[in-house]
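Between the sequences and the hints, there should be enough to build the whole structure, so can you do that?
Keeping their order, the protein sequence lines are chains S and Z. For the first sequence, this note's numbering assigns the number 45 to the initial residue and increments by one for each residue that follows. For the second sequence, this note's numbering assigns the number 45 to the initial residue and increments by one for each residue that follows.
Keep in mind that a hint or two might mislead.
Same chains, same label: a pair holds when it works inside one copy or across any pair of copies.
[Said to hold, decoys possible] Here are the simulated lysine-lysine pairs, DSSO-like style, with alpha carbons at most 27 angstroms apart:
| no. | residue 1 | residue 2 |
| --- | --- | --- |
| 1 | LYS306 | LYS54 |
| 2 | LYS306 | LYS162 |
| 3 | LYS360 | LYS440 |
| 4 | LYS346 | LYS360 |
These are computed hints drawn from the structure, not numbers from a lab. Here the structure is a predicted model, which means the values were calculated and not measured.
Protein chains: 2
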Amino acid sequence: MNPLERKFYKLGVENAPGQKTNPETSSEKVSNLIVDFSHGDVDAFNPIPGTLEKFIEGVRFGAGQAYTEYKGKGEIRSNIANKISKFTSTTFNAESDMIITPGTQGALFLAMGSTISKGDKVAIIEPDYFANRKITEFFEGEIIPVQLDYINNDSSAGIDLTQLENAFQKGVKLFLFSNPNNPTGVIYSSSEISTIAELAQKYGVTVIVDQLYSRQIFDNREYNHLCAQNQIDFNNVITIMGPSKTESLSGYRLGVAFGAPKLIERMEKLQAIVSLRAGGYNQAVLNLWFSEPNGWLKKRIKQHQAIRDDLISRLKTTDGLFKVRTTEAGSYLFPEITNINGEINSFVETLRLQENIIITPGQEFGSQFTNSFRINFSQDHTTAVDAIDRIINLAKEYN
Amino acid sequence: MNPLERKFYKLGVENAPGQKTNPETSSEKVSNLIVDFSHGDVDAFNPIPGTLEKFIEGVRFGAGQAYTEYKGKGEIRSNIANKISKFTSTTFNAESDMIITPGTQGALFLAMGSTISKGDKVAIIEPDYFANRKITEFFEGEIIPVQLDYINNDSSAGIDLTQLENAFQKGVKLFLFSNPNNPTGVIYSSSEISTIAELAQKYGVTVIVDQLYSRQIFDNREYNHLCAQNQIDFNNVITIMGPSKTESLSGYRLGVAFGAPKLIERMEKLQAIVSLRAGGYNQAVLNLWFSEPNGWLKKRIKQHQAIRDDLISRLKTTDGLFKVRTTEAGSYLFPEITNINGEINSFVETLRLQENIIITPGQEFGSQFTNSFRINFSQDHTTAVDAIDRIINLAKEYN
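Right under this line is the structure:
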């Protein structure tokens, strides 16, 4: 294999959300029989009311909306910068410190591409979002793993801070993590976030924090924004957010990144050669974000919390067949099937073929998670509960 | 400068289309006084009729349209593959040989990222689209320039085929060019295309051809698709097209690439970490492409040809102040101002400040084009003619 072949050999898409299409049904509305836990179901949880109307306004606005600056239309950046400023308790400049991107995936790629040079050490949590490792490898960074003992903690996410400091001492340039964590749905505690801020500051490490699910917090838990910590220089942090999950706007491909102006400037330059800008008309939809109807977000959280509770209670009444931490934010569950002996891929495949249920194998989030799987429970409530029963039944047969 | 700083130092966005916003007006509908020749005006030439309705259908379709495969929704790929097959007189498989991308810019980035490794030699035409050089540099390829003597030819584009073969002999891995050429609007002749195909085949060079403007051909000229040449292996060619220009769909960010299945597969893997997919609902709009109302394309071409004719006739009646080749396809003109002595940047800046007219300086297309500028004449006819008169007047003052 030449270097390019090696690079792409490591990039797989088969287990990614939306990739498992059934050839027979992919051209029609997906059959009700299929339950796709690899991503949320926007038919069960619709986009923010008025989304399409905002898009249409954008189209009617015409040329000024079709061709925006690469970092996004100024008026829209101002609008959301104000709202995100309040949400995160930070102050930043919409002109120099923020960019609108094609989804949070776009933000992540641009932020990492603006930070990682060949051979740079990048600290990455295990488990964490699969693209973190893939993008690091694409830019030829060196991954330094940091463990998250999510299963044996309940008052913190469980990051190994000693390991993190060791990694920083070894010369890590970039630390990248999602909060709430994807795939486990745990939130980093106040003390964890402030220690991360201190350590990053002490060792001069840049931090990219993916806060995609930070609005969907259950049980009124405390959530701390890294960018709001006094201990860390704003110029060393990029925060990523977007309306694709809780707000169900994934089909519009919108995200934002804000923070270090030097990195935002690079991200815009990179965006100019990657895809120019987030869809011009699509950007208009962002004006609704953080301006949802009264009670809309609260209701959405409540509905998800109810699904979570039903799934967790079922998984926990199986005589220890599953180990699972209760989701604290977002829509992910990351159960471990005890005694499955590393056969998660075969389990996932059998489940798909026998039950028409799609789940994401644990190895996507770290090679050691050979007994775990992720589900996105942003689904129709009844469907999700029925499907978890079928997952439990298959797991019982496996033992 | 460290390697990353150097990399981004070379990536500039200031002169790119849509980037020159006037701080006072950027938040409002752009004033009529501003004429922005850096890109086409979709208020003057609207998107294909029915575009918005197709988008709305996509939204109504729901989850199956929001979350498509990374390479795009199968049904839509089949639809456009059929039509592009006919248009280009080639046969290819919509499943393995095609990807839907976020604009043709997205296609270009993915195609080049799937082909260029550090140190690879990449042959690039001068002048040609500015991102070609920027993306090559981003992936640390080595640029081997090939001259296009567009000004002294009229029966061919004017590519220096000896220089191209020399470049291929030196070990070029990738040859990249736009046809029609951006910024000059010239079409490669039948003999040029067949020689490019022969040479690429002889030396095993991969070719990426950007055919963004290949539907907007003036004077019923002959146009040859590289992918349809018998001399070249389909597995060594990627063709890029999209509805952003002639069809005015830039605000929807849609493009396609088709060709070499091995490269398409890599492009999908790369798309999975870059931005997941072209906006799901946006993709639905592609069903209208190549299915426009009867006579729509013909009329659009005729209207652009009329603008071209008026601009050219004005530029040519200035006693040799301008040298310009007549656009054969697309909406670009690339006039050279004789005797401006390399001062194009100052001319561009003065024009913007004094006349509110935005044009793109020649150096964006190759460092030697210090007397040239590009305009996109897909504008309101009267506005374009009025603006060219003001450009001519300013050029006269400069002499």
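Going through the hints against the structure:
no., hint, verdict
1, LYS306 <-> LYS54, "between (30 angstroms within a copy, 15 angstroms between copies)"
2, LYS306 <-> LYS162, "both (19 angstroms within a copy, 25 angstroms between copies)"
3, LYS360 <-> LYS440, "within (13 angstroms within a copy, 82 angstroms between copies)"
4, LYS346 <-> LYS360, "within (21 angstroms within a copy, 70 angstroms between copies)"
Going through the hint list in order, the structure satisfies each hint without exception.
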